[in-house]
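Enquirer: Read in my numbering, the sequence shown has 44 at position 4, and its numbers run on one by one without any break.
These are calculated hints, taken from the structure and not from any lab test.
Check before you lean on any hint, since a few could be wrong.
[To be verified] No farther apart than 16 Å at their CA atoms in a straight line, the calculated lysine to aspartate or glutamate pairs in the EDC-like style are these:
(1) Lys56 - Glu85
(2) Lys77 - Glu46
(3) Lys77 - Asp89
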Amino acid sequence: MISKQELNDELRTRWKAQQEHYGTPIVFFANKIGFSKTTVRRWIEGSFDFSMGSAQVVQAYLNQ
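Go ahead and model the full structure; you've got the sequences and the hints to work with.
Expert: Structure below.
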């Protein structure tokens, strides 16, 4: 089973790749997953990890 840290790290990598490819603004991403842009920015920088439940919301969005 994947740990919370591993899942967050994987999702950060996927988000950064998507952002580079599509240029998706942080505000758009934050609105789509239901978190504030400040929370998402802290998560992207690595100073915050989503809980497993919240990370699964991010994962569901990135899997679309």
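Enquirer: Hints first: check each against the structure and report whether it holds.
Expert: Quick rundown of the hints versus the structure:
Using a Cα cut-off of 16 Å, the hinted pair Lys56 and Glu85 holds, with the two alpha carbons roughly 11 Å apart. Restraint check: the Cα-Cα separation between Lys77 and Glu46 comes to about 22 Å, which exceeds 16 Å; the hinted pair is violated. The suggested pairing of Lys77 with Asp89 holds, with an alpha-carbon distance near 14 Å, which does not exceed 16 Å.
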